[in-house]
Amino acid sequence: MQKSFSDLEYAAKKELTRRDRFLAEIDKVTPWSQLHQMIEPFYPKVVGAGRPPVGLARMLRMYVAQQCFGLSDEGIEDAIYDSQAIRGFVGIDLNRESAPDATTLLKFRRLLEKNELTRKIFDTINGHLAEKGLIMREGTIVDATLIAASPSTKNKDKKRDAEMHQSKKGNDWHFGLKAHIGVDATSGLTHTVVVTAGNVSDVTQAHALLHGDEVAALGDAGYQGVEKREENQGKAVTWHVAMKRSKRKALPNNKLGRRMEKLEHLKASVRAKVEHPFHVVKNLFRHRKVRYRGLAKNTAQLFTLFGFANLLLAGRRFTISESRVAS
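According to full-length UniProt numbering, the residues represented by the sequence shown are 1 to 327, in order.
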């Protein structure tokens, strides 16, 4: 295959960009063959003399790049033409072919949504990580984060999204949805995702974030009273919930008070792991605002985002452990 001068120049460059390294990391840790095998039965086949569909491997890579860079359908199409790093990741040779267009990617996303394949992507990734011994089952950390939606009524219906709601955090009001997650207490990897409107209380979803084999569960002060709720009765799990800030500030300056403060600090250090998936999704993947209307489409996207967040976190843990062994 003949390469252009720009391709040869790009291949010969001495330093890799952050985008190069990021995509190489995603490429290395993703169980591509397992994902292909899971999606393939739902992917369209050539019928008669019709136009053959774009290859599954290419469409999946285009979709993954879109999610990891927080791009629209049109945005990732443009990025393939603009960025040789993304073009190489997707596997497009512009000397021989054009990039799949935004409409083709839209149809692929709808295929994933219709058949609930993003949930299966999430489960497939977690199964892959469990086989490597990265997801334990003794403890779970629960938490939720608000993801903003547009409050604008400048649309066809002249209304805000009816499935999004306002929620108060501190003294500020936020309009959008909540992503509730259950995270493995040992590895910090997400094993459960539940998406609700923004006004749903965190504590009401705690039971749905447990996989059932835990002996312990941890949550912040928003989960006070979780063990007393009806849906949590009879479960063999011990809850370790953070003390309310006002109560913690009022701890006496004596031996007992210092012990309780030390315990709160220990619980907080374990709970900190739940922030890592949120950091990847909201900061690295730039998913600070919902892209679609309604909970169903946004839930489908969040399964993919948290699945690939797990891959990044697990891959980096492997890299760190390997470097320690080498040194």
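I should point out that these hints are in silico values taken from the structure, not numbers from a laboratory. Just so you know, even glycine gets a beta-carbon here, dropped at the ideal spot from N, CA and C. Fair warning: there could be bad hints in the mix.
To be verified - In silico DSS-like links for lysine-lysine, alpha-carbon gap of 27 Å or less:
#, residue 1, residue 2
1, Lys-249, Lys-228
2, Lys-262, Lys-107
3, Lys-168, Lys-273
4, Lys-282, Lys-107
5, Lys-235, Lys-255
6, Lys-120, Lys-45
7, Lys-132, Lys-297
8, Lys-158, Lys-262
9, Lys-297, Lys-156
10, Lys-169, Lys-132
11, Lys-297, Lys-114
12, Lys-244, Lys-262
Claimed, not checked - Label-pair ranges, simulated between beta-carbon atoms:
#, residue 1, residue 2, range
13, Asp-93, Asp-123, 31 to 41 Å
14, Leu-56, Tyr-292, 32 to 42 Å
15, Ser-269, Ala-208, 36 to 46 Å
Hint by hint, here is what the structure shows:
Restraint check for Lys-249 and Lys-228: satisfied, since their Cα atoms lie roughly 24 Å apart, inside the 27 Å limit. For the suggested pair Lys-262 and Lys-107, the alpha carbons sit about 53 Å apart, so the restraint of at most 27 Å is broken. With a C-alpha separation of about 24 Å, the suggested pair Lys-168 and Lys-273 falls inside the 27 Å cut-off, and the hint holds. Of the pairs offered as hints, the one joining Lys-282 and Lys-107 holds, with about 25 Å between alpha carbons and a cut-off of 27 Å not exceeded.
Distance hint between Lys-235 and Lys-255 is unfulfilled; the C-alpha atoms sit about 33 Å from each other, more than 27 Å. A C-alpha spacing of about 21 Å is found between Lys-120 and Lys-45, which places the hinted pair at or below 27 Å, so the restraint holds. A threshold of 27 Å between alpha carbons decides the hint, and for Lys-132 with Lys-297 the separation of about 31 Å lies outside it, so the pair is violated. Between the alpha carbons of Lys-158 and Lys-262 the distance comes to roughly 53 Å, so the proposed pair goes past 27 Å and is violated.
For a cut-off of 27 Å, the pair hint linking Lys-297 to Lys-156 stands: about 18 Å separates their Cα positions. For a cut-off of 27 Å, the pair hint linking Lys-169 to Lys-132 is broken: about 38 Å separates their Cα positions. Distance restraint check for Lys-297 and Lys-114: the Cα-Cα separation of roughly 9 Å lies within the 27 Å cut-off, and the hinted pair is therefore satisfied. At most 27 Å may separate the alpha-carbon atoms for a hinted pair to count; Lys-244 and Lys-262 meet this at roughly 15 Å.
Under the hint 31 to 41 Å, the C-beta atoms of Asp-93 and Asp-123, about 33 Å apart, fit the expected range. Distance hint for Leu-56 and Tyr-292: a CB-CB separation of about 23 Å, inconsistent with the stated range 32 to 42 Å. Range check, Ser-269 to Ala-208: about 25 Å between beta-carbon atoms, so the 36 to 46 Å window is missed.
When held up to the earlier numbered hints, the structure conflicts with 2, 5, 7, 8, 10, 14, 15 and fits the remainder.
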